[in-house]
Amino acid sequence: MKAIVKIAILGCICTSALQAQQSGMPGTQAEFWNQQRKGANMFNAHPVTPTDFEAAAEYGIAFIRLSPSKYTNGRPKKEKGNFLLGPKENPVTVPVAADLKLLIAQLDAAEKAHEKVIVTLLSLPYSRWSQHNKGVEERAMWNDFKKQDSAIVFLQNLAFAIKDHPAVVGLNLRNEPSPERTGIQLKDWYTGDYAQWERQIRDTPQDLNQFYAKAVAAIRKVAPQLLLVLDSGFHAQPHAFKILKSIPNDPAILYSFHLYSPWPFPYSDAGKYRYPGLFETGEEKGAAAIYWDKNTVETFLKPVRDWQKQYGIPDNRILVGEFGVNRHGAGAEEYLQDLITVFNAYHWHWAFYSFREDEWDIMDYELGAGRTPASYWENQKSGKPQDYSKTVSNPLFDVIRADLKH
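Those letters in the sequence shown? Residues -20 to -1, 1 to 386, by mature numbering (1 follows the signal peptide of the UniProt record, and there is no 0).
Treat the hints with care, as some may be off.
As the list claims (entries may be wrong) - Below, simulated PhoX-like cross-link-like pairs (lysine-lysine); rule was C-alpha separation at most 25 Å, straight line: (1) Lys114 to Lys68; (2) Lys222 to Lys167; (3) Lys364 to Lys60; (4) Lys114 to Lys57; (5) Lys225 to Lys282; (6) Lys265 to Lys289; (7) Lys225 to Lys127; (8) Lys222 to Lys201; (9) Lys194 to Lys68; (10) Lys289 to Lys81; (11) Lys127 to Lys68; (12) Lys92 to Lys114; (13) Lys92 to Lys81; (14) Lys225 to Lys126; (15) Lys68 to Lys58; (16) Lys60 to Lys81; (17) Lys289 to Lys225; (18) Lys57 to Lys289; (19) Lys201 to Lys225; (20) Lys81 to Lys68; (21) Lys265 to Lys114.
To be clear, the hints were calculated from the coordinates, so they are not data collected in a lab.
Full structure from sequences and hints, please.
Here it is in structure tokens:
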């Protein structure tokens, strides 16, 4: 692997991060997660405003899972996805200086609002998110060790740049990795033989466990106390925990999954499905329908609980990195309540999707179950932030808001 580039661009980083680094401030990121934390995702197309960071803090949102990957930072639309990474064809291993400066400014704004942040990457070198790659997930990283090494050096350099920022409580290495979808493929996380698939791809570039082991080892050379978040495979499916390995002797790691199952419901058109109810489950078309309710949610998450017992991982090292539902769906309130109830019973950290996203309204619960106001679309076109100051309480968001205060 290439030796780490000692980031000359750190000279342009904002004062707060540099002061923290120079003072030798002890890392307390792992300690932050010793008690249950409840947060939100902000995957915005434009930098988050100070007002929205402040609103998050006022609601009791303990941390933001913040992705800067959608930011353009003055680039034309055709270059969307280049933030921090540079061009797809020739990605960098040292984060782009101007982009890093903007990211640090976002962290400064969060810190000023007393918000904590998990910096979350939707893309890595040679692993570009589908929405920044003409609708197709780039998976070159999972087919080539050299390309994978470039991604690891990039992560090492980014970790070095943000490790001491007072707002940072984690770095999520890659949102929803999916090595199962290339090379030797696993067709269905629900009915497929995960153990057999893992044996076939072990020690190849598709081996997510090996990638994580290498990446964590590289990062620990420069950021020994930075909290790292590792998503499970197949787009962070709970069932992918069946083959996930823990990182030995490293308490500064959260292991994460996302929950949007039963898949048809969170993304369905209003009126097509109702929760609780019957839903096809898994990746295969025409899959058998099972009845989903709170008990089903508990059963569905059994692979995570079993994994915790196998590796001796405490509840406070599990993060539900994303969960959400179409706010127009029948039974959306009960669905959110059931999920939150189960997560709380297990004392897992969680982050709902999403809070004040500026280009997708379906899971913006402050808008309630009704129509999206015209101002939302007008602001999206103009790039202006939505004004939530006149937002009234609604039963859907109240499910989340009430629990944030506990």
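These are the hints, each one checked on the structure:
1. Lys114 to Lys68: 12 Å, holds
2. Lys222 to Lys167: 15 Å, holds
3. Lys364 to Lys60: 18 Å, holds
4. Lys114 to Lys57: The given pair, whose Cα atoms are some 12 Å apart, holds under the 25 Å limit.
5. Lys225 to Lys282: Given pair lysine 225, lysine 282 holds - Cα atoms ~16 Å apart, limit 25 Å.
6. Lys265 to Lys289: Measuring from Cα to Cα gives roughly 33 Å; hence the hint is violated.
7. Lys225 to Lys127: With Cα atoms ~22 Å apart, lysine 225 and lysine 127 stay inside 25 Å; holds.
8. Lys222 to Lys201: 29 Å, violated
9. Lys194 to Lys68: Roughly 23 Å separates the two Cα atoms, so the pair holds.
10. Lys289 to Lys81: 42 Å, violated
11. Lys127 to Lys68: It holds: about 12 Å lies between the C-alpha atoms, which stays within 25 Å.
12. Lys92 to Lys114: With a Cα-Cα distance of about 37 Å, the restraint between lysine 92 and lysine 114 is violated, given a limit of 25 Å.
13. Lys92 to Lys81: This hinted pair holds, its Cα atoms lying about 16 Å apart.
14. Lys225 to Lys126: Judged against 25 Å, a Cα distance of about 23 Å means the pair holds.
15. Lys68 to Lys58: Roughly 11 Å between the alpha carbons, so the hint for lysine 68 and lysine 58 holds.
16. Lys60 to Lys81: Holds: lysine 60 and lysine 81 sit about 18 Å apart, inside 25 Å.
17. Lys289 to Lys225: Answer holds: lysine 289 to lysine 225 is near 12 Å, not above 25 Å.
18. Lys57 to Lys289: 47 Å, violated
19. Lys201 to Lys225: 21 Å, holds
20. Lys81 to Lys68: 21 Å, holds
21. Lys265 to Lys114: Holds. Lysine 265 to lysine 114 sits at ~24 Å (cutoff 25 Å).
Comparing the model with each numbered hint stated earlier shows that hints 6, 8, 10, 12 and 18 do not hold.
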